[in-house]
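Protein sequences, first through last, are from chains A and B. Heads up, the first sequence is in UniProt numbering, so the first residue is 1 and it goes up one at a time. Heads up, the second sequence is in UniProt numbering, so the first residue is 1 and it goes up one at a time.
Note that these hints are calculated values from the structure, not bench results. Just so we're clear, the structure is a prediction, and the values are computed from it rather than from any experiment. There's no promise every hint is true.
[Claimed, not checked] Label pairs and their computed distance ranges (CB to CB):
#: 1; chain 1: A; residue 1: Glu331; chain 2: B; residue 2: Gly162; range: 57 to 67 Å
#: 2; chain 1: B; residue 1: Thr215; chain 2: A; residue 2: Arg297; range: 39 to 49 Å
#: 3; chain 1: A; residue 1: Leu36; chain 2: B; residue 2: Ala13; range: 49 to 59 Å
#: 4; chain 1: B; residue 1: Thr215; chain 2: A; residue 2: Leu374; range: 41 to 51 Å
#: 5; chain 1: B; residue 1: Arg128; chain 2: A; residue 2: Trp357; range: 44 to 54 Å
Built from N, CA and C at the ideal position, the CB exists for glycine as well.
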Amino acid sequence: MKPWIIVFRKELKDLFRDRRTMVNILVLGALLGPVLAMGLMLLAVKMISDEAEKTIELPVQGAEYAPVLLDYLASSRISVVAALADPQAAVRAQEVDAVLVIDPAFPRQLRDGKPAQLTLLSDHSRSKTRIVRRRIETAIENYSANLGNLRLSLRGVDPSITQVMVLHDRDLSKKGSDAQLLAFLPYLLIIGIMQAAMVVAADLTAGERERQSLEPLMANPVAPEQFMIGKLATNVLISLAVLSLSLLGFAAGTRMIDLGDTGITFSLLSIPVLLLFLSPLAFFFAALMSFVGAFARTVKEAQTYLGLLVLAALTPSMIQMMLQSKVQDLELLLPIWSHNYLINEVLRGEPLSLAQWLLPSAGALLAGGLLAALAGRLYRKPDFIF
Amino acid sequence: MILVQKLQKHFGAVKAVDGVSFEIADGCITGLLGPNGSGKTTTLRMLYALLQPDSGKVLVDGMDAWSQSLPAKAAMGVVPDARGLYPRLTARENIAYFGELQGISGKALARRIDALAQELEMQDFLERPCKGFSQGQRAKVAIARAFVGNPQNLLLDEPGNGLDVMSNRALRRYLLRQKEQGKAILLSTHIMQEVTALCDEVVVIAAGVIKAVGTPEALMRQAGKDNIEDAFVALIGSDEGIMA
Ligand SMILES: Nc1ncnc2c1ncn2[C@@H]1O[C@H](COP(=O)(O)OP(=O)(O)O)[C@@H](O)[C@H]1O
Ligand SMILES: [Mg+2]
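Could you put the whole structure together from the sequences, leaning on the hints where they help?
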């Protein structure tokens, strides 16, 4: 048997004996992601449907100037409530989502056929009020358009003459795509793999030094690199197991909870595709964590270093989540950056092109191989062993 | 058999080992005797090729320890100063891991572990996880895993450290039997009783330099003393560090 396989089998056995580490890996790596994701999705779905369905309570200043408009709003499930003493302060304090202010000149302007003035107060920086605002605006625009059409008809003019163009809005995204909701999935998947790689690397490299078992181990007739390869293989296998578990978790989660009509599905077919696609990334993480973890003297110290490393490595994912920009050409070589983008494409149901398969994998394997070689060299350094 | 020729090793300004030569003969227990910090561990680490000598060389059954490190290591069993075990593995699994790395497996390995367990009196805890083992139990596992491949040369760095009387006696009996089988054994120590009880040949080292080589009796004669402790003090030229 090749020495690295002996090391690999021993490390697996050793890890599985360690309840705490395994729970750490499985709970944090495999379950937290899907649970968090489902929670966020449920919340998002609930917010959207709530805001779309429920009757909006709209304080109106000067309600007496526009009774007919307010009747029309009521039919669009916008119910008028009493005027406020200080509407601006109430909006700023988030006591109300929006306030409609009707100018005293409103009835006269309407009668004279002049644009009648209304003001809607709201806080544009609050995402929750966006849906409320849009519904009020739509209702008022509809009312305004109806009145305008009536005025034209009375003058014997076809109202459609004011409609110079009609823009049809067609959504071409594939089934199973709500970009907003899917944006954080790659992020959670990548956290899961990294978390697993970190816990395993801390135990396998720093743990061996902390227990003072490295020197007797290295006295065996085995090339030092074999130890590194065996430990790396253990790490990759556990990371992929965690990834499979969290993918299954996502798939089960999207089937268990009611996602309404958001159109999110998580095809079972995307699981093997993502596993294959993310294997080189798991190798890269394992090598990165093994290399950095080797500088720590104790498991605790290693976990501190590696925790910081996880945060640093997540930055590309976070930027991607916000920008949602397309990654192409040589950018595809960048591990994490390209993977984050392409996970989204797979989840959206897009097939990956050959370049999209090869370049990110080549980038991750190359960077991982370099780090693994550096880590392997450490195993020949006396300062590392003693 | 191991030949040590003019080994030198320095760490910064410290000359840890400075021109050390000696021989570890087959069928013989050689003691490397010296106070703390005299260069015993550094010398041993060059023997089992974890440290590269600045100059000089080590021949293990004719193979250069550094340039032919894999076959040379295969001919040596090593119990270093650090004796960390894997706490979640049983004593047997700890020994078996090293056994596989030393090239034995399957039934042969199991039989070999059983034999070692009997020789070192470790049947009581053989199947228990090593977490919480006493010093003596840990030392026995460390010795068993080092020699599970049945190497010709045995190297032990201060094996008596922290052992109780019973474990120490078991260890001594084991080493004496190995010697009878023709093994070449080196043990480093700073404890006089270990030397008188076990060693056929003593290499006295201080400050990285060899001060004397010979049987315990020859050393006492050379120093003109009638016990080995006084002889040792006389040979290294001070009593600093001996009682530590
Ligand atoms: N890795 C190292 N780095 C720096 N100095 C060392 C190192 N190992 C040993 N030394 C120094 O070399 C000398 C010999 O140490 P050592 O071989 O451990 O002695 P012994 O085992 O006889 O107690 C000591 O002065 C020690 O401080
Ligand atoms: Mg020492």
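Taking the hints in turn, this is what the structure says about them:
1. The hint said 57 to 67 Å for the Cβ distance between Glu331/A and Gly162/B, and at roughly 58 Å that hint holds.
2. With their beta carbons about 43 Å apart, Thr215/B and Arg297/A fall inside the hinted range of 39 to 49 Å.
3. One distance hint, 49 to 59 Å for the beta-carbon pair Leu36/A and Ala13/B, holds here, with the actual separation near 56 Å.
4. Taking the beta carbon of each, Thr215/B and Leu374/A are about 50 Å apart, inside 41 to 51 Å as hinted.
5. Between Arg128/B and Trp357/A the Cβ separation comes to about 50 Å, which falls inside the hinted range of 44 to 54 Å.
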